[in-house]
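> So you can see what is in the structure, the chains are spelled out below.
Number of protein chains: 2
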Amino acid sequence: MKINQFAYVPTDLPQIKKELADIRFLDPRSEKIAEPLTLFKQLLLKFFLESQSLQVREEKLGDLMATKKLPLPDYTSSASSLSKNAFYNVALQLLQFQVSLDFDLDKPVETMEKLGLPTADIDKQDVTKDQLIQAWYLLLNTRTKNGQLLIDYLAGQGYYHQFKNIPKPLLFNGKSQAVFDTDKLIREVVYVESSEDSDHDGKLDLIKAEVIRPSETNSGLKVPVVYTASPYDQGTNDKLGEQLTHDVNEPLAHKKPNKLKYKDISVEAPDEKLPTDRKVKGTTDVAEESFAKTWTYALNDFLLARGFAVVYSAGIGTSGSDGVRTTGDWHETKAVTSVIEWLHGDRTAFTNHTDNIAIKAWWSNKNIGMTGRSYLGTNSTAAAMTGVAGLKTAVVEAGISNWYDYYRENGLTIAPGGFQGEDTDVLAALCFSRMQQAGDFHKIQPEWDKELKKLTKAQNRKSGSYDQFWDARNLMKHDNTKIDMLLVHGLNDWNVKLSNVFNLREELKKRPITQKIILHQGQHEYLNNFRSVDYSDIVNLWLTNKLLGYENNANALLPEVIVQDNTKEDTWTPYKDWGDDAKIKKVSLSDKWLKNIQGNSSFNDKLPKKLFDKYIKNTKSWRKQLYKFDGSSTKLDERCIRLLSKPLKKDIVIDGQISFDLKLSSSQNVGLLSAVVVDYGKAKRLTEVPTVLSPQQIITGYHWRKDDLKEFTFQKKATQYKKISDGHINLQNRENSYRSDEIKPGKKYQVEFKLQPEFFRVLKGHRIGILLFATDMDFTIRGNQDITYSLDLDNSYVSLPLLNSSHK
Amino acid sequence: MKINQFAYVPTDLPQIKKELADIRFLDPRSEKIAEPLTLFKQLLLKFFLESQSLQVREEKLGDLMATKKLPLPDYTSSASSLSKNAFYNVALQLLQFQVSLDFDLDKPVETMEKLGLPTADIDKQDVTKDQLIQAWYLLLNTRTKNGQLLIDYLAGQGYYHQFKNIPKPLLFNGKSQAVFDTDKLIREVVYVESSEDSDHDGKLDLIKAEVIRPSETNSGLKVPVVYTASPYDQGTNDKLGEQLTHDVNEPLAHKKPNKLKYKDISVEAPDEKLPTDRKVKGTTDVAEESFAKTWTYALNDFLLARGFAVVYSAGIGTSGSDGVRTTGDWHETKAVTSVIEWLHGDRTAFTNHTDNIAIKAWWSNKNIGMTGRSYLGTNSTAAAMTGVAGLKTAVVEAGISNWYDYYRENGLTIAPGGFQGEDTDVLAALCFSRMQQAGDFHKIQPEWDKELKKLTKAQNRKSGSYDQFWDARNLMKHDNTKIDMLLVHGLNDWNVKLSNVFNLREELKKRPITQKIILHQGQHEYLNNFRSVDYSDIVNLWLTNKLLGYENNANALLPEVIVQDNTKEDTWTPYKDWGDDAKIKKVSLSDKWLKNIQGNSSFNDKLPKKLFDKYIKNTKSWRKQLYKFDGSSTKLDERCIRLLSKPLKKDIVIDGQISFDLKLSSSQNVGLLSAVVVDYGKAKRLTEVPTVLSPQQIITGYHWRKDDLKEFTFQKKATQYKKISDGHINLQNRENSYRSDEIKPGKKYQVEFKLQPEFFRVLKGHRIGILLFATDMDFTIRGNQDITYSLDLDNSYVSLPLLNSSHK
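Line order of the protein sequences matches chains A and B.
Using my numbering, read the first sequence as starting at 1151 and increasing by one per residue.
Using my numbering, read the second sequence as starting at 1151 and increasing by one per residue.
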């Protein structure tokens, strides 16, 4: 077990004393205590809640061991001074570590260090009063065994709720404290008037927004807002999505060559003629509608207890809102930013669809941040890129930055991992929850049918090229953002692939903003309830800075890049950058460092019908055959080229984008190439979906939401290999993704392309495997065409970007 | 999808009108409405919460379709009368079913029936006012698509919380309503003085109990209590448990023959000399200690919103309590019943461990029920069997009734499924959470070490026989219970095996009490959040009857036995009994109905070392080989006898205990036999662990706990076979589990034994497979001994208990 804290703010003694007084651990009485041992006991008695009787608390002190032999009460009454060991023995127990099991009472400081927990620089034998105060402060800001800061654990026990007149908000070590009364949260619905009419009903679209705000706002407190724009939030049409999913067993079509330049396919949002604004007939401060939510984001709930309001809105075409779904274009973004504009005081919202009674976000401090993963993070990115006023930051988890990178790649129609055959129309239908309100749908059905057809046609699955349809869905196209961003992505995310966050980060680098990125070992996962990393605290620090305007030094304190190691459990390391300063190792594919397993330089893509049918039903069995580097014969030996390097003499870290530069031909006038780079070597690897360590273990506020404690842990069994990265390219798009060139059958062309960016450690003794093939059962269309691909391996290269170790 | 409701109470019109007035759907104003259509609209407007504005609610009415063409507002303003179809179109939408996807607006009544939902007997075209009232009442008591009664869904939305002065408790259709204010729940800790001193410290053990009660009790309301006695509740020592787990790769030992009779090994609780009671130094009504819980049982939380207090207590040897763990004997039971006695006013509790200030359960109505699964259910059974006053019912889910049936079987040491090597000592150490309070543990460690050693010795893993140790842990031994019981068990539970619930039920049958049983298709699972069955409502009905004393006819209404079918999804069927009235089909093992796959009648148990090592590491691969009935050669062909029946000409249902009567010999003076009966035939089978249909979908009360919606669904792939049941016997225990007889090598003995009771449908065309072998890698000890077993198949029989179809 190892715990990694990044969000601790180094604090000097006067400030420590002030903050401990703010949260009621120090008071005029404790000022007068001269004896460190006495003060230690007083602090512990406060730790066990002053709302409980003294005797109850004394008994809890008796449950703690101070030394190998002495329970705490015996120690405080017999020792002449407080030792560092005694302090950290008690500290570890308060942090929920178990004596004997987790640590030895003779070696608490060593254990703290081994666990990665901070210890104060205090005397070994005679801890002074000031040292004790410093150590206690640090301890409260240390993570427990169960995934929370100790002060947050205490808040969940009711520490803050025992005091009357506790200030709200209350900051401690730069982070907002759980002092708000979640029992009294106010939940209300408003309808924001957006400047669009996506369902063409002659009226501006009203967008439903659900607000949860502290009741303290009713007494005049203005609060920051965390806004999550989830298109799934009002329900999804799963069956319809399934029905609309496209058949991917279709041949790759020839594209007519063109000489397109980017300007030919660049689009701007059209100047649509809009209906006039609704005429405001009156105003009110009181909403007319309330709600009870099923799914909520646990991180948002954590923030609710800490004085942030939370707003959910699903956008155009969802239940309660007007409009139709359009998957990623400006219509959708406009709905998202409309809510921000309302929260910032720049736009009108109404209490219902009919009466035109306006209601303001009078309780908002006008500082809005966005949160959420996947499509939710996508909407955060989209909003951030518009530069909309009021949005002060976005925490983007696994967001799409360019929809082309979600459904297409280098001129090919490519699936998000696990969703073969999905496309913009499928997703639009999936999220079109207006359909679930039959009466509302009844009015809009013809318009929806039309829009859906338009989408299906315009996305042009036959082509795969970047065109105006996709240019309208490139969220990075207009980079007006002026805000600091926190990006989070899983290094095993093959759904929203890493190019999305990599490219976004590269774009953001050009601007004078602060951005941070956290790369974890999950696939498409949330990170707010892990033991090994203080993600919730990082977000708390970040939002307290950005939305409460409190100078906690977040920008300087948080590392530029935090990466979870893929070869060890619980290991998170700060880096200066990702992918920009790597050393390139370029190797010819005929280099003797690489062994060509079958000795071939060409392959044919067509499988016998029966085998093909088996593989499309069970792509796992196909992968299993494909990834065989051990020389045993498989059914795919003539369908791919397999190269395997010599064992590595030391660890290497792939830092960024592996690229290929291949000289190859197709036997037809169409062709596609897939490349996979593999870490080959028997090892225990981390799970990509978190393991629940303890259900309902995290209490995010007093009598408030509980969350499961999770972690990426080693899989039970060692495995032989793991994909590092992959890439796919349509050979007609060898220039770029919008221009199509001719392929003359049999003629060799030079084709360069990059794989998905990664950060991947390959251990000493492991080998690098390379797979070159055509149809990728999991990602590409599957034409099973009789095409032979021939490579000139002498003139084909792989380039590995290796971490520049001075760059840590 | 199919929904099965058992807890609806048929109600006559006057009572319906009274109850609808109680919950505010009818009032003097609605009395005056003559027009059914107008009343329908009024009811719907109330459905959408009167706390919301009329306009908001009118808009929600507009979201509903009444007929294929007309939204509800158009229908109510244009139709001349209310049709049954319009009512059920709207009803289905309120129940969260989707137009087109889940039902056709032309056929709502047919859909209701297909879904298993009740419809009122009302006119097709001209629904009268009284008919409408009856249909509306029935609708509110109908389950939604998302696993709740519609009235419970409404309560979660805040329906009841909009009204001032709503009566508490409030009953509707015989069930307690979620009218209580969970925001204001009171949480307090007391320490109950038990009449035992299990840690021999010269003081009676104090047992920590955590109380959660409605704040309404502070104004004088007395409430019923739901009590869950979970030894896991204060933490578990998982690593220690692992360390103590026994090596099972040990030879089967010869037991000296004896002529023991039951009276020789029967024990009573000894008359221990006890310390005197603590002297009460004062009394109080106010507790001194509070708590915040991580895990809570969702069903208890559901009940908290409905006016039941909930009490958790972990018992002797757990954190906060005195004593040491003893796994299942009277010490443990005494701690459990002590809390009941306190809740009933018959025993003292204190506010802390030291001050001797007594505190009464002054808020309790003295009616206590118990809930919980596994060890929790075991404690419920133990308490019920004592006949303790105050306990009015127990809802026992997957409880142990006799610890011998958990860790032993027919003279053999047998593991609970998935826990090879566990025993009473391991479980005691696992639950000894006092250890986690280092200061407290420090005082008790020597005594604990002694007690643990005693346990390890006394459980006598070498023997496997029933003796005094186990007689003290047979919870059915003293059957003093006078209370009605609701039993629940998974038909695939190989952890707490079905003999536990079967034998308990047989015992209870002898007494003049009402008992009900629900058998589901899970392994060791909770059932309170399923879509297909109204388990929470059944429990609500049951506890409202038993603890609030409300005559809702629960005893007569609920079926004796409810069984979930193993061959279909979502199918729950009532039966009159389980296992007692079956037709026995007795077949000789040499009958031509059974094909002997290898043609052998003897087998040797010893495996080559390498193969043995492989199988103990991966028992799944062993099972895969063992279950091969297709005639292909396997590595176990000489280690077992495989018999396979002819295809069944019609479905049969195994109802109760399959038994074997075998004539066989062992080549040594020891021997064991394992038997498995298998359903052989390719079919889709249900998952044994529930699938999450929708996370956080169920809201159990207003702003209260959410729960995942779950179901046992068909596995994705068809499988070839499934175990129906199994059994194991030590050939020295062929008389009974306490007497040991000699085995003369080579001599054939007649050995009878029963398998675990089941309720299992085998489909027409499937075959019955029988496996006879010795070492069971998953359950028995694994000596890998060179023993040959020989059977006289002509004089060996299997008896299948078949459901008497008139018995449904």
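These are calculated hints, taken from the structure and not from any lab test.
These numbers come from a predicted model, not from an experiment.
Certain hints may be false.
No copy is singled out in the list; a pair is fine if it fits within one copy or between any two copies.
[Said to hold, decoys possible] Straight line, CA to CA, 16 Å or less: simulated EDC-like cross-link-like pairs of lysine to aspartate or glutamate:
| id | residue 1 | residue 2 |
| --- | --- | --- |
| 1 | Lys1443 | Asp1858 |
| 2 | Lys1659 | Asp1727 |
| 3 | Lys1593 | Asp1213 |
| 4 | Lys1735 | Glu1710 |
| 5 | Lys1866 | Asp1780 |
| 6 | Lys1409 | Glu1701 |
| 7 | Lys1736 | Glu1169 |
| 8 | Lys1295 | Asp1388 |
| 9 | Lys1389 | Asp1252 |
> Next, verify each hint and record whether it holds.
Hints, one by one, checked against the model:
1. Lys1443 x Asp1858: between (19 Å within a copy, 13 Å between copies)
2. Lys1659 x Asp1727: Cα proximity of Lys1659 and Asp1727: one copy only (11 Å, versus 72 Å across).
3. Lys1593 x Asp1213: Answer is between: at 10 Å across copies they meet the 16 Å cutoff, but 67 Å inside does not.
4. Lys1735 x Glu1710: Neither way: Lys1735 and Glu1710 sit 25 Å apart in one copy and 74 Å across, limit 16 Å.
5. Lys1866 x Asp1780: neither (23 Å within a copy, 32 Å between copies)
6. Lys1409 x Glu1701: neither (53 Å within a copy, 84 Å between copies)
7. Lys1736 x Glu1169: neither (55 Å within a copy, 80 Å between copies)
8. Lys1295 x Asp1388: Answer is between; shortest inter-copy Cα gap is 15 Å, intra-copy 39 Å.
9. Lys1389 x Asp1252: For Lys1389 and Asp1252, the Cα distance is within 16 Å only across copies (10 Å; inside one copy 49 Å).
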